[in-house]
Amino acid sequence: MSDIITFPDVVNWAVPFFIAAILAELLWIVIKRRGGRYETRDALTSLLMGAGNVASGIVLGFVAYGFFMALWAITPLDLGTSAWVIALCFVLDDLRYYWVHRFGHRIRWVWASHVNHHSSQHYNLTTALRQTWTGTFTFMMVMRAPLILLGFHPGMVVFVGGLNLIYQFWIHTEAITRLPRWFEAVMNTPSHHRVHHGRNPRYLDCNYAGVFIIWDKLFGTFVPELDSEKVDYGLVHNLGTFNPLRVAFHEWVSIFHDATQPGLTWRERLAYCVMPPGWSHDGSKGTSFDIKARYISDHPESAGSPGLTLSAKRK
Amino acid sequence: MPLSILLPLVACGIIGIAVILHLLGLSRAARLGDAGVAEAAWLREFPDAPPSRVILSQDHHAALIETKSGPGVVWAMGADTTARYLGGARIRRTAKGLRIDLPDFTAPHIRLRLDPDEAAQWPTHMKDSA
Numbered sequence: 001m002s003d004i005i006t007f008p009d010v011v012n013w014a015v016p017f018f019i020a021a022i023l024a025e026l027l028w029i030v031i032k033r034r035g036g037r038y039e040t041r042d043a044l045t046s047l048l049m050g051a052g053n054v055a056s057g058i059v060l061g062f063v064a065y066g067f068f069m070a071l072w073a074i075t076p077l078d079l080g081t082s083a084w085v086i087a088l089c090f091v092l093d094d095l096r097y098y099w100v101h102r103f104g105h106r107i108r109w110v111w112a113s114h115v116n117h118h119s120s121q122h123y124n125l126t127t128a129l130r131q132t133w134t135g136t137f138t139f140m141m142v143m144r145a146p147l148i149l150l151g152f153h154p155g156m157v158v159f160v161g162g163l164n165l166i167y168q169f170w171i172h173t174e175a176i177t178r179l180p181r182w183f184e185a186v187m188n189t190p191s192h193h194r195v196h197h198g199r200n201p202r203y204l205d206c207n208y209a210g211v212f213i214i215w216d217k218l219f220g221t222f223v224p225e226l227d228s229e230k231v232d233y234g235l236v237h238n239l240g241t242f243n244p245l246r247v248a249f250h251e252w253v254s255i256f257h258d259a260t261q262p263g264l265t266w267r268e269r270l271a272y273c274v275m276p277p278g279w280s281h282d283g284s285k286g287t288s289f290d291i292k293a294r295y296i297s298d299h300p301e302s303a304g305s306p307g308l309t310l311s312a313k314r315k
Numbered sequence: 001m002p003l004s005i006l007l008p009l010v011a012c013g014i015i016g017i018a019v020i021l022h023l024l025g026l027s028r029a030a031r032l033g034d035a036g037v038a039e040a041a042w043l044r045e046f047p048d049a050p051p052s053r054v055i056l057s058q059d060h061h062a063a064l065i066e067t068k069s070g071p072g073v074v075w076a077m078g079a080d081t082t083a084r085y086l087g088g089a090r091i092r093r094t095a096k097g098l099r100i101d102l103p104d105f106t107a108p109h110i111r112l113r114l115d116p117d118e119a120a121q122w123p124t125h126m127k128d129s130a
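Chains A and B, in that order, give the protein sequences.
Numbering of the first sequence is given in the UniProt record's numbering, commencing with residue 1 and proceeding in unit increments.
Numbering of the second sequence is given in the UniProt record's numbering, commencing with residue 1 and proceeding in unit increments.
So that you can see chain A by itself, here it is in the shape it has in the complex (with noise of 0.2 Å):
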């Protein structure tokens, strides 16, 4: 089995773009008046965010390559690196990342780690770069395993895994309105996406996808960007602090918080931990389905529209 197959890193060699595009979004923000919003404060938290990403995977990335090595090692499988190998590896991890996104949404143990991504009330190229640095702490190499078990290489699954991260940077960008409708129809846009960061109760838990929208569409959690209704962008509960610590650890100190409460049954703990954000005990928080019920129990016109249908309600 071929272990000597190695392929570039390429989140790290794509920084000197990631930092030309911010540059130049701003230029254009800044020239044309529109396109979207940068403040300091906000930008600086997601780019400390960002590189606490990168330190984090050269720190802890072991666990997760070694995870999958030793999967590699057992798997009598081997489809070799052709390029269309590589480019089934891509769709079918941008699979696994659809999945792995919703769950990041609709676990809170996963949400503890993702929800640092979603703490910008703006939405510019510097919100793509807003990571999270307790990847490892969730488990979800798991949703790895079946590709390097039906013989995809580790080294493969991590590389189609860092393109599909850098074509998600690009989308986080309110400069781009709308593209071809062939486009839009395939892939994951900044329209798509602007959507899937926002706050009102419409936009809440909908298009998880990475590169192919076409995700969403099967699974029956696509939400179109409404001209009637800007996208509000941060969490329902918006942060107090640009401190990059308390970003990066609030929801799992929040967990700690609640799940150690005295006088809850373990089930009620477990509960805490891994039932959707909002979850309680006793009712007195409310999940994304709680939020959306209420919307629509105030605006029952709004019943049945995108992003507030029954069925929706529960994804």
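Quick caveat, the hints were computed from the structure, so don't treat them as lab data.
Ideal placement from N, C-alpha and C gives every residue a C-beta, glycine not left out.
Here are the computed distance ranges between Cβ atoms for each label pair:
no.	chain 1	residue 1	chain 2	residue 2	range
1	A	A259	B	I5	41 to 47 Å
2	A	H257	B	K96	27 to 33 Å
3	B	K96	A	L60	39 to 45 Å
4	B	R99	A	A55	27 to 33 Å
No farther apart than 20 Å at their CA atoms in a straight line, the calculated lysine to aspartate or glutamate pairs in the EDC-like style are these:
no.	chain 1	residue 1	chain 2	residue 2
5	A	K285	B	D104
6	A	K285	B	D48
7	B	K96	B	D115
8	A	K230	B	D80
Here are a few chain B residues that face chain A, going by a calculated C-beta distance under 8 Å:
no.	residue
9	H22
10	T82
11	A107
Please build the complex by placing chain B on the supplied structure of chain A, with the hints as guidance.
For chain B alone, kept in the frame of chain A given last:
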């Protein structure tokens, strides 16, 4: 990419972008134009708790909110705003206004720039409406 290149690149990129943003005047705090704007900012965080009273700070960067569920504050978070109830808050006078310490990991310290009269009155309002 070797760390010897990556680290300086990342450091220079972050510092450079932050400096450019600041020089472009993009560090200005959000301004709450009037009480209606402050109320809207509060409702954005707590849509089920309409304010019964809104007291806007002189500099329009914060507002004290009174609700049936207790007092709260809206304040500028960069170019945007956020809001919190003041349950469990420790409030102290500072040279520039008030410092509110909350038992909240996501908003542990709120520093409000208030003129001396406001800084004297706001803690009273906060207690009266609690």
